[in-house]
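Read top to bottom, the protein sequences are chains A and B. One point on numbering: in my numbering, the residue at position 327 of the first sequence is 327, and numbering is uninterrupted. One point on numbering: in my numbering, the residue at position 12 of the second sequence is 12, and numbering is uninterrupted.
Treat the hints as calculated values from the structure; they're not laboratory data. Built from N, CA and C at the ideal position, the CB exists for glycine as well. Take the hints with a grain of salt, since some may be wrong.
To be verified - Where chain B lies over chain A, by a calculated footprint (3+ residues, C-beta under 8 Å):
hint: 1; region: 141–152
hint: 2; region: 194–204
What the hints assert, rightly or not - Which stretches of chain B does chain A cover? Using the computed rule of at least three CB atoms under 8 Å from a CB of chain A, they are:
hint: 3; region: 108–115
hint: 4; region: 148–155
hint: 5; region: 171–177
hint: 6; region: 180–188
hint: 7; region: 197–205
What the hints assert, rightly or not - Some, not all, of what chain B presents toward chain A, calculated at C-beta under 7 Å:
hint: 8; residue: Ile159
hint: 9; residue: Phe162
hint: 10; residue: Gly163
hint: 11; residue: Leu165
hint: 12; residue: Leu166
hint: 13; residue: Ile192
hint: 14; residue: Leu208
hint: 15; residue: Ala210
hint: 16; residue: Leu211
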Amino acid sequence: MIAMAFALILFPILMAGVAMALPGNRTRPWLLPLTGVVHLVLTLWTLAKPELQAPVGWLVLDPPGRLILLVISLMFFLSGFYAVGYLRYRGEWSNRTFTSCLLAFLGVMTLVVWSHHLGLMWVAIEATSLLTAPLIYFNRTPRSIEATWKYLLVCSVGIALALLGSFFLAYASLHEGLDSSLLFEDLLHHAPRLSKPWLHTAFVLLLVGYGTKMGLAPMHTWKPDAYGEAPGVVGALLAGGLTNCAFLAVLRIYHVTVAAGEQAYSGRLLIFMGLLSMVVAGIFMVGQRDLKRMLAYSSVEHMGILVLGLGMGGLGTWGALLHLLNNAMTKGVLFLSAGNIRRAYDSKSIAEVTGAMRRLPLSGTLFLFGFIAITGSPPFGPFVSEFTIVTAAFQSGRYVTGGLFLLFLLVIFLGMGGTVLAAVQGRPSGRSRLIPYRDTFLTGAPVAVFMALSLLLGLWIPGPIRALVDQAAHYLETRP
Amino acid sequence: MSSLIDPILVAVLLLNIFALGNSRITSVIRVIGAQGGLLGVLPLLVQEHFGLLPLLVSILTVALKGLIIPFMLLRAMREAQIRREVEPSVGFLPSMILGALSIGFSVLLAQELPMAKAHLGLLLVPSSLSTVLVGFIMLTTRYKAISQVVGYLILENGIFIFGMLLVEAMPLMVELGVLLDLFVGIFVITIIVNHINEAFSSLDTRKLSALKE
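All chains should be modelled from the sequences, with the hints used to inform the complete structure.
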């Protein structure tokens, strides 16, 4: 079965072509859930049958890749249905470019997951930037142009630095007279012999480069603008899909440094970046008046948590891998319900959004529960993974890191709480009652499913998912 | 390794300084086109023996960096009807001096990194790092959107110079992918530049300031 990797990558891209050709503005969005269903079925089938994961050239599905493939596929599956409801509401606009780019985006994200070649992975991640730019620009307001411009420029520069880092890493192996293939298998295999100065510089450049794409502070500046102006469904796919792809890149590079015996160096940098991202996110979340920008800073925070856990190694890695799943599901709830709230009030500022639970009982309630989940309260998924990371910090004797982690979580809880409660409580303004927007099945049900998954992961982690996380964490500790 | 490499790199560095000091954006774009064209020759020179694949990379680089991208940018400028960069946050002369300093800094930095025997004594690493830094200076100090795109291109050129150390190691598909991404990237960026011009009647990025805390 050589075809599986190609099917997963090429099917969405093929459907993007179909979306380009289809004339009907109302029928076209249905390609999104259709592709989502096919992609999810193929993904589950691949995960269930190890013989389907056989490597094809540069396309290899490593254990962390399996986990992230599942996350991306789930995110797209649920967001696809929501997108149909959203685009119906925006029926007066042509959604040809939007639908095509969204579909191709899924294909390219899948390529990032499968590509086990440093260069190919770079090409795929750069392609995701280009495909998401038109998605952020969908509303065509001056503000969305500004957001798209900043996104393109900051991410292009970041990605360019990642390319330089990839070259440095290649040179680290060429310098030692090793056959410098850019395949991760070879890099991991040769890791202990890589030239150390080049490896160190390469790691910094790659962390800055792919960290820009993840939205780690201080390279996060594009994030509040882009997430603030993009439609909610795009925000969900960026925060739960694309950032995880960039995290996968960081994770693979980190793995090379671990295999080279340089964990102390790279781990320290990751912990530092993680704490910095959390503190920057905390500063901007306290007193934040814009709901979507608040979610963007929350994404900065959680990307920080991911690299922090990874940098600690051991149990911390396990927690970070579980957290990427929890964060994605909960971000799905938050971004999609925030999109509904925005449409009901024609605003995303808490100056105008009040009483969301009365105005939109379903979306408002889910938004509130999404907030409770993302800030790490039991019984939701993020609680389990954040608790694991704190435990890892204290068990490994990193008391300062663990203490700061808890402090930042508390500050963020209070800051985010102020904004969210102001939005959901109270009475809806008179102006918002004049807007006819109501929750519909397509824009409500996917959000509820995301919420259910976030709750499920907090109560009980299903066996297959636990196995995926275990295998990925084990893989990162060892050298193939 | 051919003895022509170093003279070409020196010319590339001089073009960097020239680009930093010029206030006419059209001239800056032409300078970058010339730089791209010069860089396109490098893949042929770094190889021990003549091959068909380096020739292909070389032709594509000259076509893309030397002709197509400058042409796209010049057209975007004509449509936006702008000619000159406004006074940058760091003036033209100070940024030229910064550019010159970046060369010295890169030479020092490059000495810290061990080189393989075949690459000893070549200017590839310092000129690559210096070009990357010049790209950053351009990106951060200029206000017009087009100038910032040019800064990004200079940055890319710097990375391309480093890539010359890896010509034999890099698979052709990756080289082509990088070039394709660059092309599509510039294409998308010029579309956005066009929209900025329509929405704000200007390409001054200081007008893009609605989104902030």
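Hints versus structure:
1. 141–152: Our answer is that it holds, as 9 residues pass the Cβ test (under 8 Å) against chain B, meeting three.
2. 194–204: n = 4 at 8 Å, threshold three: holds.
3. 108–115: Per the Cβ count (4), the hint holds.
4. 148–155: n = 3 at 8 Å, threshold three: holds.
5. 171–177: holds (count 4)
6. 180–188: holds (count 5)
7. 197–205: holds (count 3)
8. Ile159: OK, holds: B/Ile159 within 7 Å of chain A, min 5 Å.
9. Phe162: Holds, about 5 Å.
10. Gly163: 6 Å, holds
11. Leu165: It holds, given that the least Cβ distance between B/Leu165 and chain A is near 6 Å, below 7 Å.
12. Leu166: 5 Å, holds
13. Ile192: It holds, given that the least Cβ distance between B/Ile192 and chain A is near 6 Å, below 7 Å.
14. Leu208: 4 Å, holds
15. Ala210: Since the shortest Cβ distance to chain A is 5 Å, the answer is holds.
16. Leu211: 4 Å, holds
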